[in-house]
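Using the hints provided, position chain B with the ligands relative to the given structure of chain A.
Protein sequence lines correspond, in order, to chains A and B.
The numbering of the first sequence is our numbering, which starts it at 779 and goes up by one.
The numbering of the second sequence is our numbering, which starts it at 779 and goes up by one.
Quick caveat, the hints were computed from the structure, so don't treat them as lab data.
Please note: incorrect hints may appear among the correct ones.
The list cannot tell twin chains apart, which means a pair is met if one copy fits it or any two copies do.
[To be verified] Here are the simulated DSS-like cross-link-like pairs (lysine-lysine), alpha carbons at most 27 Å apart as the crow flies:
(1) 817 / 1099
(2) 982 / 1003
(3) 900 / 982
(4) 946 / 930
(5) 817 / 900
(6) 982 / 817
(7) 1120 / 986
(8) 930 / 982
(9) 1003 / 1045
(10) 1045 / 866
(11) 953 / 792
(12) 866 / 982
(13) 790 / 930
(14) 905 / 817
(15) 986 / 1108
(16) 953 / 930
There are 2 protein chains.
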Amino acid sequence: MNIEIDLTQNLKSKPNADQIAFGTIFTDHMFVMDYSTEKGWYDPRIVPYQPIALDPAAMIFHYGQTIFEGLKAYTTPDDRILLFRPEKNFRRLNLSADRMSIPAIDEQFALAGLQKLIEVEKEWVPKAVGNSLYIRPFIIGTEPNLSLAPSKTYQFIIILSPVGSYYKDGIQPIKIHVEYEYTRAVRGGTGFAKTAGNYAAAYKAQEKATTEGYSQVLWLDGIEKKYIEEVGSMNVFFKINGEVITPELNGSILEGITRMSIIELLKGWGITVIERRISLEELYNAANCGELEEAFGTGTAAVISPIGELNWGNRNIVINKSEIGSLSQKLYDTLTGIQTGKLEDLNGWTVEVK
Amino acid sequence: MNIEIDLTQNLKSKPNADQIAFGTIFTDHMFVMDYSTEKGWYDPRIVPYQPIALDPAAMIFHYGQTIFEGLKAYTTPDDRILLFRPEKNFRRLNLSADRMSIPAIDEQFALAGLQKLIEVEKEWVPKAVGNSLYIRPFIIGTEPNLSLAPSKTYQFIIILSPVGSYYKDGIQPIKIHVEYEYTRAVRGGTGFAKTAGNYAAAYKAQEKATTEGYSQVLWLDGIEKKYIEEVGSMNVFFKINGEVITPELNGSILEGITRMSIIELLKGWGITVIERRISLEELYNAANCGELEEAFGTGTAAVISPIGELNWGNRNIVINKSEIGSLSQKLYDTLTGIQTGKLEDLNGWTVEVK
Ligand SMILES: Cc1ncc(COP(=O)(O)O)c(C=O)c1O
Ligand SMILES: Cc1ncc(COP(=O)(O)O)c(C=O)c1O
Chain A
779 MNIEIDLTQN
789 LKSKPNADQI
799 AFGTIFTDHM
809 FVMDYSTEKG
819 WYDPRIVPYQ
829 PIALDPAAMI
839 FHYGQTIFEG
849 LKAYTTPDDR
859 ILLFRPEKNF
869 RRLNLSADRM
879 SIPAIDEQFA
889 LAGLQKLIEV
899 EKEWVPKAVG
909 NSLYIRPFII
919 GTEPNLSLAP
929 SKTYQFIIIL
939 SPVGSYYKDG
949 IQPIKIHVEY
959 EYTRAVRGGT
969 GFAKTAGNYA
979 AAYKAQEKAT
989 TEGYSQVLWL
999 DGIEKKYIEE
1009 VGSMNVFFKI
1019 NGEVITPELN
1029 GSILEGITRM
1039 SIIELLKGWG
1049 ITVIERRISL
1059 EELYNAANCG
1069 ELEEAFGTGT
1079 AAVISPIGEL
1089 NWGNRNIVIN
1099 KSEIGSLSQK
1109 LYDTLTGIQT
1119 GKLEDLNGWT
1129 VEVK
Chain B
779 MNIEIDLTQN
789 LKSKPNADQI
799 AFGTIFTDHM
809 FVMDYSTEKG
819 WYDPRIVPYQ
829 PIALDPAAMI
839 FHYGQTIFEG
849 LKAYTTPDDR
859 ILLFRPEKNF
869 RRLNLSADRM
879 SIPAIDEQFA
889 LAGLQKLIEV
899 EKEWVPKAVG
909 NSLYIRPFII
919 GTEPNLSLAP
929 SKTYQFIIIL
939 SPVGSYYKDG
949 IQPIKIHVEY
959 EYTRAVRGGT
969 GFAKTAGNYA
979 AAYKAQEKAT
989 TEGYSQVLWL
999 DGIEKKYIEE
1009 VGSMNVFFKI
1019 NGEVITPELN
1029 GSILEGITRM
1039 SIIELLKGWG
1049 ITVIERRISL
1059 EELYNAANCG
1069 ELEEAFGTGT
1079 AAVISPIGEL
1089 NWGNRNIVIN
1099 KSEIGSLSQK
1109 LYDTLTGIQT
1119 GKLEDLNGWT
1129 VEVK
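Next comes chain A alone, as it looks inside the complex (with noise of 0.2 Å):
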């Protein structure tokens, strides 16, 4: 399929991404491929930024068919632009695709609708140090009709972001409210996949979180209340004993590309990684016996964020003395060093978009 290009006469003025909310400024064009059940993937285009027209009874509004992703792009100190498996994204966005029954993308073809995107806004990629282009592909279904079945007709959309750097001032260790009373996700229901239900869901948790002085949420399994599943909209690792173990991928947990970029890592470091059900019992007595080292979420917004302390009812431990670990700071040079090609890619994580 070949892509029109429609360029915009009224470029926008480039903010400086470090002086702007995440999230709030978007490039001067957008991707655009449509979908119908007689023509599969169609049109795919690159068009200006502008508002999307649905019809109100566009089943995305009532049924909430529609799933996403997010990943970044990096410029390099010899000015390169670098996207970091994306590939795995688009992957991603087809199992999730799968599980809310949207039909699939060509993957391939998505990933390079995408790199003629960031080419043609490739001056709104950031250059300072720890600023990025957030990339959020999306797929919504627009058939307008109230019945309770899939959409016949879909839009997929790539808008594009600046933002600044996560930390400001340094990499800040975390506090961590357990949630008991509000679920994430539960076996058999969309945890895995990335569907904006299970993000407004999580707001209440959140909301009590922040209220009660905690930056984030620790959620725990849906059926025992009993074992770690993620931290907010992160996965997490401990390091036990000089262990590293992080949830097991049981469907009720998200399969970050942070998550997995790490395991692999440290495997090559020659670091023992666990993948298993960890009780919050566990951790608990871990951190009694001083063998819990190190804890930390992992996503691409912040790479690495290091969990500092972990609170429930009277319970309350504090780990590494709330400072970053030498593990957790290896990691978050590693990683993003490789993403913004300072370290050499060992692995062929990177993509250059030319």
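Frame of chain A; chain B with the ligands shown alone:
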């Protein structure tokens, strides 16, 4: 607040509701009201039915902050227009709003807005027996912002759609597939809220049921996969040994307005109704010893959907010879009689649109 009215110059032709597919034809106008954190809900208006134009970064597309309701307007034999317990729908909309971190609406004002809209569209309320005007109020988060936080702006919209009778050839008992793999909702999640994400998440199970020759899914609890929760998007009732049992509201079940009306009707008739947990095992045993007399789903769409057959693994139960039971029939006749003004409304459930 004053409701501005802007009438269209181009009226659509009105189809025969019985000849159109559910939820595909909409009336000439819609009700719209905006929200911002500074102004609260403002600018209520009735405008020509038209597309909604949203920034591609609007939160509804990404994080699923959206809720909806569903109710109907009926024409009486003497040509009045009745709504059935509409205040309960706006009550429930606010319960859903709270769960999804959406600001509450003024329930009475929303009902007044709906009444005004139906007044404008009164020619669209079908008169043929069994036909009605389906009403879809919904709220969407509209702020263009990719941050994970509640939207600062919303739209509340009501659209109307003439619909044919659910049972074109008389009531047909349905065959139900019991779902073990997929979960609709779980304690601490969003099951009790009418929010978009719950619905698309259910398509995979429905697809499985359809493929295997069943018309709906019976949902089990997400924790033990033992207790019955709902059927498709209906509440469910069982008549066992003269008593009527329906799953108790536990946070993962939607509180249907049909459900609450049936409970009140049955109690008024002196029939014992018990809201409690009921397991599939208990149902199986009751069926085997001949005590399972009737089973039916309840909801605005079909009112009563008799369940003729339930299937899971190698177990199958046929209920009341797959015929509609006498209690199911009486409930159907009474509820539809009240809704359409053919029976006296002793409970004060109907609201006339003047
Ligand atoms: C629920 C959830 N968990 C984990 C992650 C981390 O995934 P990734 O490393 O691909 O960014 C994300 C998102 O980015 C997420 O939304
Ligand atoms: C999940 C679910 N359960 C039950 C019902 C029945 O509710 P009501 O009787 O108010 O139509 C509905 C919707 O209408 C629903 O969406």
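Tested hints:
Taking the shortest alpha-carbon separations for residue 817 and residue 1099, neither the intra-copy value of 58 Å nor the inter-copy value of 45 Å comes in at or below 27 Å. For the identical chains of this complex, residue 982 and residue 1003 are neighbours both inside a copy (17 Å) and across copies (26 Å), given an alpha-carbon limit of 27 Å. In this assembly of identical chains, the alpha carbons of residue 900 and residue 982 never lie at most 27 Å apart, being 38 Å within a copy and 40 Å across copies at closest. Proximity of residue 946 to residue 930 under the C-alpha cut-off of 27 Å is restricted to the inter-copy arrangement: shortest distance 25 Å between copies versus 45 Å within a copy.
Taking the closest pair of Cα atoms, residue 817 and residue 900 never come within 27 Å of each other, the shortest separation being 32 Å inside a single copy and 39 Å across copies. Proximity of residue 982 and residue 817 under a CA criterion of 27 Å is satisfied inter-copy only: 23 Å between copies versus 41 Å inside one chain copy. For the homomeric pair residue 1120 and residue 986, neither the shortest alpha-carbon distance inside one copy (40 Å) nor that between copies (49 Å) is at most 27 Å. In this assembly of identical chains, the alpha carbons of residue 930 and residue 982 lie at most 27 Å apart only when taken from different copies (15 Å versus 33 Å within one copy).
Proximity of residue 1003 and residue 1045 under a CA criterion of 27 Å is satisfied in neither setting, with 30 Å inside one chain copy and 37 Å between copies. In this assembly of identical chains, the alpha carbons of residue 1045 and residue 866 lie at most 27 Å apart only when taken from the same copy (19 Å versus 57 Å across copies). In this assembly of identical chains, residue 953 and residue 792 lie within 27 Å of each other by CA distance neither inside one copy nor across copies; the values are 34 Å within and 59 Å between. Taking identical chains as interchangeable, the C-alpha atoms of residue 866 and residue 982 lie at most 27 Å apart only when they sit on different chains, with a minimum of 23 Å there against 30 Å within one chain.
For the homomeric pair residue 790 and residue 930, the shortest alpha-carbon distance between copies (24 Å) is at most 27 Å, but the shortest distance inside one copy (35 Å) is not. When the C-alpha separation of residue 905 and residue 817 is checked against a cutoff of 27 Å, the pair qualifies neither within a copy, at 40 Å, nor between copies, at 39 Å. In this assembly of identical chains, residue 986 and residue 1108 lie within 27 Å of each other by CA distance neither inside one copy nor across copies; the values are 32 Å within and 47 Å between. For the identical chains of this complex, residue 953 and residue 930 are inter-copy neighbours only, at 26 Å across copies versus 45 Å inside a copy, given an alpha-carbon limit of 27 Å.
Checked against the numbered hints above, the structure violates hints 1, 3, 5, 7, 9, 11, 14, 15; every other hint is satisfied.
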